[in-house]
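**Student:** Position chains P and W relative to chain V; hints supplied.
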Amino acid sequence: MSSITGVSVGDGLSDPSDGPDPGAGASTGTTGDRVFGGLAMGAGLLVVVVVALVGIFLLAQAIPAIGKDQINFLTSREWNAAGQRFGIAQLLWTTVVSSVVALLLAVPFSVGIALFLTHYAPAWLSRIGAVLIDLLAAVPSIVYGIWGIYVVAPKFTHVQNFLQDWLGWIPLFKAVPGVTGGATILMVSVVLAVMILPIITALSREVFAQTPVTHKEGALALGATRWEMIRTAVLPFGRPGVISASMLGLGRALGETVAVLFILTALPGGQRFTASLMNGGATFASQIAGDAPENQNNADAMGALIAAGLVLFILTFIVNAIARVIVERRREFSE
Amino acid sequence: MGKRIDVKDLNVFYGDFKAVEDVTMTIEPRSITAFIGPSGCGKSTFLRTLNRMHEVIPGGRVEGSVRLDDQDLYAPGVDAVGVRRTVGMVFQRPNPFPTMSIRDNVTAGLRLNGVKGKKLLEEKTEQSLRGANLWNEVKDRLGKPGAGLSGGQQQRLCIARAIAVEPQVLLMDEPCSALDPISTLAIEDLVTELKDRYTIVIVTHNMQQASRVSDKTAFFNLAATGKPGRLIEMNDTQKIFNNPEVSATEDYISGRFG
Amino acid sequence: MSTTNQGSSAAPAPAVDEALPDLDTGRSGGRALRNNAATVLVWLAFLIALIPLVWILWIVVSKGWHSVASMTWWQKDQSGALPPGFDTNIRGARHAIVGTVEIGLITSLIAIPIAVMTAIYLVEYGRSGGRTNARIARVVSFMVDILSGIPSIVAALFVFAVWVTTLQQQLVPICVALALTMLMIPVVTRSTEEMLKLVPNELREASYALGVPKWKTVVRVVLPTAISGIITGALLGLARVLGETAPWLFLTTYFQYLTYNPAASAGIASLPTLIYNQSGNISSPISADRVWGGALTLILLVLAINLLGRLIGRLTRVKR
Chain V
1 MSSITGVSVG DGLSDPSDGP DPGAGASTGT TGDRVFGGLA MGAGLLVVVV VALVGIFLLA
61 QAIPAIGKDQ INFLTSREWN AAGQRFGIAQ LLWTTVVSSV VALLLAVPFS VGIALFLTHY
121 APAWLSRIGA VLIDLLAAVP SIVYGIWGIY VVAPKFTHVQ NFLQDWLGWI PLFKAVPGVT
181 GGATILMVSV VLAVMILPII TALSREVFAQ TPVTHKEGAL ALGATRWEMI RTAVLPFGRP
241 GVISASMLGL GRALGETVAV LFILTALPGG QRFTASLMNG GATFASQIAG DAPENQNNAD
301 AMGALIAAGL VLFILTFIVN AIARVIVERR REFSE
Chain P
1 MGKRIDVKDL NVFYGDFKAV EDVTMTIEPR SITAFIGPSG CGKSTFLRTL NRMHEVIPGG
61 RVEGSVRLDD QDLYAPGVDA VGVRRTVGMV FQRPNPFPTM SIRDNVTAGL RLNGVKGKKL
121 LEEKTEQSLR GANLWNEVKD RLGKPGAGLS GGQQQRLCIA RAIAVEPQVL LMDEPCSALD
181 PISTLAIEDL VTELKDRYTI VIVTHNMQQA SRVSDKTAFF NLAATGKPGR LIEMNDTQKI
241 FNNPEVSATE DYISGRFG
Chain W
1 MSTTNQGSSA APAPAVDEAL PDLDTGRSGG RALRNNAATV LVWLAFLIAL IPLVWILWIV
61 VSKGWHSVAS MTWWQKDQSG ALPPGFDTNI RGARHAIVGT VEIGLITSLI AIPIAVMTAI
121 YLVEYGRSGG RTNARIARVV SFMVDILSGI PSIVAALFVF AVWVTTLQQQ LVPICVALAL
181 TMLMIPVVTR STEEMLKLVP NELREASYAL GVPKWKTVVR VVLPTAISGI ITGALLGLAR
241 VLGETAPWLF LTTYFQYLTY NPAASAGIAS LPTLIYNQSG NISSPISADR VWGGALTLIL
301 LVLAINLLGR LIGRLTRVKR
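Residue numbers (the working numbering), protein chains in the order written: chain V, 1 to 335; chain P, 1 to 258; chain W, 1 to 320.
Next up, chain V with everything else stripped away, as it sits in the complex (with noise of 0.2 Å):
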């Protein structure tokens, strides 16, 4: 049976008395073809290779270091990693709490923003505005580590001692003794959302800009207000992509490093769990980065670090894997 490669069932008929082949003479770059498709071919590779690598990496040296974890690795709250008394229970709850809460704050703006550069804004302002908004993008986060603990912090106290006067009594408010300046949690997720949001704004920016016209017309054309117009029409459309951004945006909160370790007041161990976003703490990021330069020779205390990368690299994986999913069906959807 004949293949792709065109060969057919008159190849058996071709006559041997055949002349040379139409291409004999020539280079027909078979050679090359081979050569440069496979470099194509062992570059994507080479991407699958590495993703695999991580995890196997990983996950090789962090098994035998929680072998020799004195504590439970998943439900310990301690954290000690020189020590070999390390536990995620903390790490986890700081990083999920602190990207969540993110998160949420950052699509309510980012789909306004969205439908603002979208459906609101003038042509010239729509088009400054998305500079503007990717220009937060261009901001190392270095930069937000030291503008959040050295500009924001103190004056994100008084924002915080208002909160804990008055809604106190919800646990998420709840004063922590101990941490103050406004370095806490709460703080982490303001400027994490400022972080993520670009991201989540550009993706909603461009789904909410194909909302096909004639769904948009036909919901004017039934007298729709704007607004209604965006609720029947384009927020229904663009709903599987601002999820699919929000969970990229997630997976960047998750993994933030270096603004987390500037802003997190450390805690010191032997704390009381609480559920305040009032608190301190670290998460899987700012511990790690936080630990490594100073245990660099030490084997055992790396070997906790890489522990708990696994787990964060875990973490996003779900998260990414989650919105390219949703990515997809979408697609195939509108295909």
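Worth double-checking, as some hints may not be accurate.
A short, non-exhaustive set of chain V residues, derived as facing chain W with CB atoms under 10 Å [what the hints assert, rightly or not]: (1) A82; (2) G83; (3) A114; (4) L115; (5) P140; (6) Y144; (7) G145; (8) A224; (9) L254; (10) A308.
Label pairs and their computed distance ranges (CB to CB) [what the hints assert, rightly or not]: (11) V:I322 to W:P200: 40 to 46 Å; (12) V:K155 to W:A37: 26 to 32 Å; (13) V:E217 to P:T24: 50 to 56 Å.
Bear in mind the hints are in silico, worked out from the structure with no lab data behind them.
In this text, all values refer to a predicted model and were calculated from it rather than measured experimentally.
We treat Cβ as the ideally placed atom computed from N, Cα and C, and that holds for glycine.
**Tutor:** What follows is chains P and W alone, placed relative to chain V:
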């Protein structure tokens, strides 16, 4: 120059879909053969199998044989890339390379296949552009981008580019469908001149064009949408247009369908 | 369309003719109010989002500009700060600028070829190279997405796990470049992929029809047509990874003086680590100058590369 094409029992597939069924025909050297028929009847698909361009589309394959004089284009060991140097092609929409000058467009096929020598390339440029009736219009701006020409000029540039590699056969897939009437006329004149040196196959939707330029005409049709296209009738153009043997051909030519 | 009228108190039924009276009476108060409220809210969202941007830029420029405006900043390194007894007042950042640019260049040299070839595989082979290639391309594409989601600290951990723990090598500045490469590849792959998809198929066909082999078609026809977009994407990718700090913190020691050899030196300076190193002592005016000067320089560098990328994209775009 100019070779005979013998097609025998050719079926064309895209994946599992049979696009063209059971075509057998002979195309005479140094003549113009026109393929006509309604949209989707497989005439363009069939044309692409004459220089194995159908293989560019994923899943494209054929059964049957195509011979260029004595050479089976689909024999094992025959490289599609080599086939395409012998059987050139001009497309529906003019597609000069946007990054190249007029001169570089003409010699693209030569240069990309490793032909060197400034003088040789210069000669080839002039010769091919003259061959495509474009020399006088562009000789003063050979260094300018090919995309800056008018549509008709671009198409003649593409013809010059195709003949610069000295093919035996020139396939043209609706070369005038994107052009205005005056440019169309210029291309038709050119095609008639090129007949002396090349075997030319032209797919067209324009029946006047087929009757004006071609020696032979092949009419393709399909039974229904989703069914493979077939060759219904092939004969001298005069005969096809004045006294076709199959009633479907007459229906199509007289405008009763299609 | 039943939700169309949800905001209306005057037209409870969704039928079209029921909505008609609205035309006569004007929009009912509730609907108009909601519409206006939405307009105000989206404007507010935009304006509030500008606050951090303006705030950050204002702080960094106002606190950093006098460092950056002095020649010393660009000409001298920080040496003299240690050991004590030397001039401790040198506000130079040449070492950090050189280190950042040098590692950035090495990162680009490794990442761009891999990323461009990966994109070529995805577009030129994955789309039209048969079923096996299509299947492999889907896996590659998924992995590119996963790679783009890997936090920089995880990339740094991975390089450490390979280089130090497994290969038992000393950390050298190249390690930073390797971690940054992992972060840069997915960005450049995606942008290159988009650019290659924009190249019309007709050009590929024209080239094939001339008997040009596929690889030459890609190298001589497709890439030149897409090159400006590819360069833009590469520069945007570079700008993105130059703002990273974690790999520097993790994989190299901050040096306060100029070093060049990225393969042998035990450490290297960079703008992020200059900021990090000096921020611990920010109450001293000289450290504060270095911190904010470093921040401004880093922003300027990132913005300059960004702008250069967009400019190249605009100026060299092939007209069709």
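**Student:** Does V:A82 meet its interface restraint, that is, does its C-beta lie within less than 10 Å of any C-beta in chain W?
**Tutor:** violated (16 Å)
**Student:** Hey, does the V:Y144 contact hint survive, CB to chain W under 10 Å?
**Tutor:** Since the shortest Cβ distance to chain W is 7 Å, the answer is holds.
**Student:** Holds or violated: is there a CB of chain W closer than 10 Å to the CB of V:L115?
**Tutor:** Holds: closest Cβ of chain W sits about 5 Å from V:L115, inside 10 Å.
**Student:** Against chain W, run the beta carbon of V:L254 and see if the smallest gap drops under 10 Å.
**Tutor:** Since the shortest Cβ distance to chain W is 7 Å, the answer is holds.
**Student:** For the hint on V:G83, does the least C-beta distance to chain W fall short of 10 Å?
**Tutor:** violated (20 Å)
**Student:** Against the range 50 to 56 Å, how does the distance between the Cβ atoms of V:E217 and P:T24 compare: consistent or not?
**Tutor:** holds (53 Å)
**Student:** For the hint on V:P140, does the least C-beta distance to chain W fall short of 10 Å?
**Tutor:** With a closest approach of 3 Å, the V:P140 hint holds.
**Student:** Mind checking the CB of V:A224 against every CB in chain W and telling me if the closest is under 10 Å?
**Tutor:** holds (5 Å)
**Student:** Just to be careful: measuring from the Cβ of V:A308 to every Cβ in chain W, is the smallest value less than 10 Å?
**Tutor:** With a minimum Cβ separation of about 9 Å from chain W (threshold 10 Å), the hint on V:A308 holds.
**Student:** Does the hinted range 40 to 46 Å hold for V:I322 and W:P200 at CB?
**Tutor:** violated (35 Å)
**Student:** Go through the hint on V:G145 and say holds or violated, using the shortest Cβ distance to chain W against 10 Å.
**Tutor:** Check passed: Cβ of V:G145 comes within 8 Å of chain W, closer than 10 Å.
**Student:** Double-check V:A114 for me: the hint is only fine if its C-beta lies closer than 10 Å to a C-beta in chain W.
**Tutor:** Since the shortest Cβ distance to chain W is 9 Å, the answer is holds.
Checked against the numbered hints listed earlier, the structure breaks hints 1, 2 and 11; every other hint is satisfied.
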